[in-house]
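Here is what each chain is made of, one letter per residue.
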Amino acid sequence: MARAIINGIFALISLCMFLPFVLVITSSLSAEQSIIANGYQYIPEQWSTEGYATVFKSPAILLRAYGVTAFITVAGTALSLLLTAMTAYVLSRKDYKFGRLATFYVFFTMLFSGGLVPFYILMTQYLHLKDNILAIILPSLLNVFYVMIMRSYMLKIPFEMIESAKMDGAGEFRIFFRMVLPLSTPGLATLGLMISFNYWNEWFNALLFLENQSLAPLQLLLQRMIRNIEFLTSNSDFVSQFGMEVAIADLPKYNVRMAMAILAAGPMMFVFPFFQRYFVAGLTIGSLKG
Amino acid sequence: MNPVKTYGTERDVRPSAGKRRRWSRFKQDGELSLLFLPGFLYLLIFAYIPMAGIVVAFKNFKVNLGVFRSEWVGFANFEFLFTTELAYRIVRNTILYSLSYMTVTMACALALAILMSELSRRWLKVHQTVLFLPFFLSWVIVSYITDTMLDHQSGFLNSMLEWFGMEPRMWYFENDAWPLLLNLVNLWKGIGFQTLIFYAGMMGIDYTYYEAAKIDGASKLQMAMKITIPLLAPIISVLIILSVANMFRGDFGLHYFIPRDSGMVYATTDIIDTFVFRALRSMGDVAMAAAVGLFQSVVGLVMVVLANFVIRKVNEENSLW
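Quick note, the sequences are listed as chains A and B, same order.
Counting from 1, position 157 in the first sequence corresponds to residue 157 in the working numbering; the numbering is continuous, with no gaps.
Take any residue in the second sequence, count from 1 to its spot, add 1000: that is its number in the working numbering.
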């Protein structure tokens, strides 16, 4: 009896979690007229694939954004993992002379930061990274929280192994690349997954630093799309004063917007269930220690 | 004695073993330093140099003059900020939202995690996946989803209201609904992750506690209150430290995308982060944005130290340092 109630509660909660997605999916498959007449509906009056057809008629923008996102995800994740692992490894070595100093140097950045403005000035005025793809890769290369996770993972590698490798004449680089990295594969996989999700979903630095349309990753493209529509529709009087009615008629329609959202989020949502168990495994390991 | 070491040639055979050892020690530290160098430089550029950049908060920053040649104005930026209503509003919003996100999500996640242990294995997988799914979406995508719900003309929520015979509402123009809306959206996106953290922690609890309690005739509720929650205390306290430390760092994405940055509802949606972003990007008031940012960082630092201090007083093992 109690079990049936609990199952019921979870069924209800899962439904609440899932239904918003369904609305986006059905809206992307609705005919434009039925959205205009009845609003977004779970069962639209008239189904249509027109939304997707419109997107695929001129796929250049979407493909470009996919390309940018794929590039920053792959390049960013690879670089970030290497940097994180190197830093974490040095911090995990208890016999390193400057170990305490280095640990403080890294972790202090978690406690205090200059804030957004100095960071923005540095990026634009001194590093000149405005409208540069590096502006979305560089800022999140090293996450101190991930260094912490990786370090505690590497601390579990028996120190005797490192010592015996040294006895055999291996240098630190060799030990790191040939022994520590391969031994850390599970940890690297979990972190790599998290980092790649972050890069795939990256919008903040793009919003700050990218003005050039052709560099926009998926998330920024979506953000701009919904932003422009909002401006034009909520200020329609203002816009029509300037004789811009044509522009409003040309706006992406409701179903096109939702189709874009599905196409942008889709790959992640299909990939996600396959990777979820690694996350769960990684989290379980992490929190058992804590 | 480690047997491997006795085979070592340098230690026993060579006469200058001490010197060699010192040299290898030196070489080792050098190589490790070289491995640390990229991380060192990265943090220097992206974390430490911006820390020095907070001087902007005390200057009348002009882009063409740069950080160093801009004129000093002392605390004028802060004075301006704190004499307006604005500072009160963004600080109040930031703190209240942080507190409510923390308590609501934590309470719901804890309850769900406890209930989850009653599910069969098959259903557990299904529900975990569904709960976790929104966590991996960006706020931009989530804003499309909330838009299908909240849009004035086509939103599902207004259709529902009309269906029940109520007046549709202009969600993006009305202040009073946003505390609830933002809490709901935040809960929807974040609950899966926290539930999972608690659930993972529960998996680590020794099963025999529950068996003993069962023999003593404890109810499920008693077991949850007397065994599960106390044993999860370390995880709960770490989560509390982290969220208290971040109390002054609101969720920019949530507060920027979900209310669509609508000026009409700033009174109940604007937080420090969205204000700083706007001051920097739209209003071009760099110095004031820097002043707010510095205020935020300093209070953040104080909060972490304070939170850690309190936790250490309560239970030394749960503190961060």
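For the record, the hints were derived by calculation from the structure and aren't laboratory data.
For glycine and all other residues, C-beta sits at the position ideal for the given N, C-alpha and C.
One thing to keep in mind: the hints can contain errors.
What the hints assert, rightly or not - If you only want the chain A side, here are some residues facing chain B, beta carbon under 8 Å, derived:
| # | residue |
| --- | --- |
| 1 | 87 |
| 2 | 109 |
| 3 | 113 |
| 4 | 114 |
| 5 | 121 |
| 6 | 157 |
| 7 | 172 |
| 8 | 173 |
| 9 | 212 |
| 10 | 258 |
| 11 | 263 |
| 12 | 264 |
| 13 | 266 |
Said to hold, decoys possible - Taking lysine-lysine pairs in the DSS-like style, the calculated list, with each CA pair at most 25 Å apart, reads:
| # | chain 1 | residue 1 | chain 2 | residue 2 |
| --- | --- | --- | --- | --- |
| 14 | B | 1226 | A | 166 |
| 15 | A | 97 | B | 1019 |
| 16 | B | 1027 | A | 97 |
| 17 | A | 97 | A | 156 |
| 18 | B | 1019 | A | 130 |
| 19 | A | 94 | B | 1062 |
| 20 | B | 1313 | B | 1226 |
| 21 | B | 1313 | A | 94 |
For each hint, the structure was consulted:
1. 87: Interface hint status for residue 87(A): holds (3 Å vs cutoff 8 Å).
2. 109: For residue 109(A), the interface hint holds, since the closest Cβ of chain B sits about 4 Å away, which is under 8 Å.
3. 113: holds (6 Å)
4. 114: holds (3 Å)
5. 121: holds (6 Å)
6. 157: violated (15 Å)
7. 172: holds (4 Å)
8. 173: Hint on residue 173(A): holds, closest Cβ of chain B at ~6 Å, below 8 Å.
9. 212: Violated, because the Cβ-Cβ distance from residue 212(A) to chain B comes to roughly 16 Å (cut-off 8 Å).
10. 258: Holds, because the Cβ-Cβ distance from residue 258(A) to chain B comes to roughly 7 Å (cut-off 8 Å).
11. 263: Constraint on residue 263(A) not satisfied, violated at 11 Å.
12. 264: holds (7 Å)
13. 266: violated (10 Å)
14. 1226(B) to 166(A): violated (51 Å)
15. 97(A) to 1019(B): OK: residue 97(A) and residue 1019(B) at ~17 Å, within 25 Å.
16. 1027(B) to 97(A): Holds: residue 1027(B) and residue 97(A) sit about 11 Å apart, inside 25 Å.
17. 97(A) to 156(A): Satisfied, since the Cα-Cα distance of roughly 20 Å is no more than 25 Å.
18. 1019(B) to 130(A): violated (52 Å)
19. 94(A) to 1062(B): Distance of about 47 Å is beyond 25 Å: violated.
20. 1313(B) to 1226(B): holds (23 Å)
21. 1313(B) to 94(A): violated (28 Å)
Hint compliance for this structure: hints 6, 9, 11, 13, 14, 18, 19, 21 are not met, and every other hint is.
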